[in-house]
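Colleague: Residue numbers (our numbering), protein chains in the order written: chain D, 1 to 495; chain G, 1 to 495.
These are calculated hints, taken from the structure and not from any lab test. Accuracy of the hints is not assured; some may be wrong.
Where chains are identical, the list cannot tell them apart; a pair therefore holds if satisfied intra-copy or between any two copies.
Keeping only pairs whose Cα atoms sit at most 27 Å apart, straight-line, the calculated BS3-like set for lysine-lysine is [to be verified]:
hint	residue 1	residue 2
1	K192	K456
2	K40	K192
3	K493	K269
4	K192	K32
5	K493	K270
6	K100	K270
7	K40	K411
8	K456	K413
9	K483	K493
10	K260	K154
11	K493	K482
12	K463	K413
13	K101	K32
14	K96	K463
15	K463	K269
16	K269	K96
17	K100	K154
18	K96	K411
19	K269	K456
20	K456	K154
21	K411	K105
22	K260	K483
23	K456	K493
Next come the chains, spelled out residue by residue.
Number of protein chains: 2
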Amino acid sequence: RLVLARVNSFCIQLCYFLSVSFFGFVLLKVLKPRTHDSFKPRNLDLFFTSVSATTVSSMSTVEMEVFSNSQLIVLTILMLIGGEIFTSMVGLHFKKSQLKKMENKISSLANNDPSTYQSGLVMAEKQDFENLESGNQETSLDSSVDFLKYKSIKFLCFVVLGYFIAVQVLGVSLVSTYLALVSSSRNVLKNKGLNLLTFSIFSVVSTFANCGFLPTNENMVVFKNNSGLLLILIPQILLGNTLFPSCLRFCVWFLGKFFKRVESNYLLKKTSEIGYFHLLPSHHSSYLFVTVFGFIIAQFILFCSMEWNSAGLSGLNSYQKTIGILFQTMNTRYAGESIVDLSTISSAILVLFVVMMYLPPYTSFLPIKDDEEIYKKTRNRRGKLLENILFSQLSYLAIFIILVCITERQKLKEDPLNFSLLNIVVEVVSAYGSVGFTTGYSCDRQTQPNSNCVNKFYGFSGKWSDEGKIILIVVMVFGRLKKFNMDGGRTWKLL
Amino acid sequence: RLVLARVNSFCIQLCYFLSVSFFGFVLLKVLKPRTHDSFKPRNLDLFFTSVSATTVSSMSTVEMEVFSNSQLIVLTILMLIGGEIFTSMVGLHFKKSQLKKMENKISSLANNDPSTYQSGLVMAEKQDFENLESGNQETSLDSSVDFLKYKSIKFLCFVVLGYFIAVQVLGVSLVSTYLALVSSSRNVLKNKGLNLLTFSIFSVVSTFANCGFLPTNENMVVFKNNSGLLLILIPQILLGNTLFPSCLRFCVWFLGKFFKRVESNYLLKKTSEIGYFHLLPSHHSSYLFVTVFGFIIAQFILFCSMEWNSAGLSGLNSYQKTIGILFQTMNTRYAGESIVDLSTISSAILVLFVVMMYLPPYTSFLPIKDDEEIYKKTRNRRGKLLENILFSQLSYLAIFIILVCITERQKLKEDPLNFSLLNIVVEVVSAYGSVGFTTGYSCDRQTQPNSNCVNKFYGFSGKWSDEGKIILIVVMVFGRLKKFNMDGGRTWKLL
Ligand SMILES: [K+]
Ligand SMILES: [K+]
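Please build the complete structure, drawing on both the sequences and the hints.
Modeller: Structural data, given as structure tokens:
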């Protein structure tokens, strides 16, 4: 049953992302691009962009300044409803209404006939007991405990929604204020003919959802000396993804301190019974916090030691460099905005970035506790057949990389510096991890220079063949749904 | 206690490999190379070669034809005593003599005083029971069962030794016969001034230990149309490594059928109590067999479809191509001999090769059985502290690759086609997996041609800086001992 629920949930999410992507594609297609007289994006590229926004990957095969203001608004909506926090919120509301329905059933039984109510309760209790035994607490019915659970989930819904709205509204107002105050950043947007409000909303929604699209062609490179803007966006990156569980737990605790004490207590103590993916047990939340900053520090140190005097950071003072590098290293998980051209930084850093992009968001150093045992028990109960055909995540990644090497084999030979394995790996892992980093394509790197080549501001995948792009679309969707296969490949024994 | 035993065993093996490597280095240094008047290998390169032979990696930083006949004999001995089957045999003999000692103690007690013997037995039984409970059966003493265990291990020692000698003697005689019969292969060796017998022994020992060194500079490329020789070596590769557990089990069963029925039964049924790493349970042995051929077929298909008409295989007829490709794909696990220049084959294949090289030898598709539970129990009992500081194998590999990118950062920029990430990854993973594949270094790939550059017949790592070579030495030793860390990184939760 648990397996069925998982498969079901997987299918629902898959359909959700595909239909939203398709819907987004239709809207993008109907609306005219800014360059409608000179250049019209191909259908595949538009679909790619739509999938990329919906899966919050920000891989691009079209320059961003091609899109008109209305298209940017469509992209904003796609990012808003594609983000992990939003989708999880929908799931939570769904669960809440399910609980509500069951509760109504029982209370209507109780109203009609006290004895039926009694038997109903007994039945419910029995079922609850069975559920406990089988490790599935999702449909438990025990009324008093369950009413509390219902109330707690309702409370959690409000907290998440409030968090979602508050952080982004704060972000938009801060960015707007910054643009109003700092003329250099405002001028950049004016020269590009971008609407200031659209930019504020787009960039904050994109950053909070950890998508990483920006309306500018050069992404954040044009703002690399606007340290204030970077400082405004940094919390959005963390609050919207890697630190969300820790902050959510903190909010629940904080609100419980002053209001809703009972619900908050239930949420904090029976975290695993709620079954909300983003509400983690106490010690996990703390270790997550430590791990996130540990990874940032490791990247920061390596980046500083290798690139402090590089060309990409020239023209910045020490303070701007520090903020810029901090911003860059935070973006590997998983916003994917960039203040430097990634193709110019050293391979050592890129390899570390690949590792960071690969790691799932809530990767955490977590010394084993006793509840590890319980965790294992539930894992053992997965479906046998399904388990046998699932590979591990890395195997899938290797397969995707091999497939891309096959579709691009001609270019791998003719243009080895652009189509190097590192660049392909960065692109595929970046799509898998919903990051959006890319090394791009540069005509200067061609070993047999082609005079028709023009440098473009889109990702490396923009130069791939159609088959390659389709594979990358699959990788983005696969990566967005990776949490369903985190324990794949268990039938393989490595000895 | 189990942890201590593991740490102990790890230290013993580490000391063994380091001292053998050092001893080998001294011998190689004392003996004169063939080119003693024109070229003398550096100390670091000699040590590298010695480590490479001892850890059966066959990474090279010196051309093989530099070594004189006596140095080749030293290398043969290093490969012989560095191979996995030989070292495991030593461990088994050690375990046998331990059991023997205990048995002697008990029987001397019995001779002196029957009652002491009785109490000794009870004590022994009690201890045995405790051992069973704690999952450590290594020092059990129960006399009747234990006598059988001792006899079985003694029998297993003979089987392994017999297997070790028989397969290699057969191989040497077959290669010698082939060289005597086929003049083309004989002429190659004569022109190079290599001793025929040395070549036979060297190549068979190297192939059986899955080392992959050959006395010729070009490795097997010069023999790519000698399909007979390839066919002789193919079984040596499989019997000496990936298929060893399956064949060993078959031998035990086969010998039990006609001799030593009791010991054989004990070995087949109580496989896990023997604690010999290479004797796997029945279903594991069968799945291993299937997996090994599955991997070979997958590689064979990809290689044929991408490279059938490539330059590296030109001049061969279909039969020779088929045998050649079969030989090549078998060498990824883990002999590392080559009939083509790996730098010329497509990246898709190289990526698959990297995956294959990374996988440990007894990787097997293994649907979960009930004894999985037991396996988990013993895993849970590992030391907490030690576990916390161990990363997973892949993290270590990533760290090593990043370190190499740092030491070679200058060349990564100046010579991007030779020092590409793919080539570095192939080199590091090949060293880690004790394979020995290399893409080599080619002056033609330099983007800024250097007129002093001369193409050499050694591995890519031969062109690395000293620091890079030292890292690779560490990687080879680490990879040779990887079985001690197969479940590292368990304190990290990927969610
Ligand atoms: K992203
Ligand atoms: K090898």
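Colleague: Give the relationship of K40 and K192 under a CA distance limit of 27 Å: within one copy only, between copies only, both, or neither.
Modeller: within (19 Å within a copy, 65 Å between copies)
Colleague: Within, between, both or neither: how does the pair K100, K154 come out at a Cα-Cα threshold of 27 Å?
Modeller: within (10 Å within a copy, 69 Å between copies)
Colleague: Classify it for me, K192 with K456: is the Cα-Cα distance of at most 27 Å met within a copy, between copies, both or neither?
Modeller: The answer is within: 16 Å in one copy meets 27 Å, while 54 Å across copies does not.
Colleague: When no copy is named, should K96 and K411 be tagged within, between, both, or neither for a Cα gap of at most 27 Å?
Modeller: Neither: 52 Å inside a chain and 59 Å across chains, both beyond 27 Å.
Colleague: 27 Å Cα cut-off: does K269 pair with K96 within a copy, between copies, both or neither?
Modeller: within (19 Å within a copy, 54 Å between copies)
Colleague: One pair to classify: K493 and K269, alpha carbons no more than 27 Å apart. Within, between, both, or neither?
Modeller: between (36 Å within a copy, 21 Å between copies)
Colleague: At most 27 Å between alpha carbons: which applies to K456 and K413, within, between, both or neither?
Modeller: Cα proximity of K456 and K413: in one copy and across copies (22 Å, 23 Å).
Colleague: For the identical chains here, do K483 and K493 meet the 27 Å Cα criterion within one copy, between copies, both, or neither?
Modeller: Both: 22 Å inside a copy, 13 Å across copies.
Colleague: 27 Å Cα cut-off: does K40 pair with K411 within a copy, between copies, both or neither?
Modeller: Within one copy, since 25 Å is at most 27 Å while 42 Å is not.
Colleague: Have a look at K411 and K105 and pick one of within, between, both or neither, based on CA distance no larger than 27 Å.
Modeller: Classified as neither: same-chain Cα gap 63 Å, cross-chain 72 Å, threshold 27 Å.
Colleague: Is the C-alpha distance from K269 to K456 at most 27 Å within one copy, between copies, in both cases, or in neither?
Modeller: The answer is neither: 53 Å in one copy and 66 Å across copies each exceed 27 Å.
Colleague: Could you figure out if K493 and K270 sit no more than 27 Å apart (CA to CA) within one copy, between two copies, both or neither?
Modeller: between (34 Å within a copy, 20 Å between copies)
Violated hints, listed in ascending order, are 13, 14, 15, 18, 19, 20, 21, 22, 23; each of the other numbered hints is respected by the structure.
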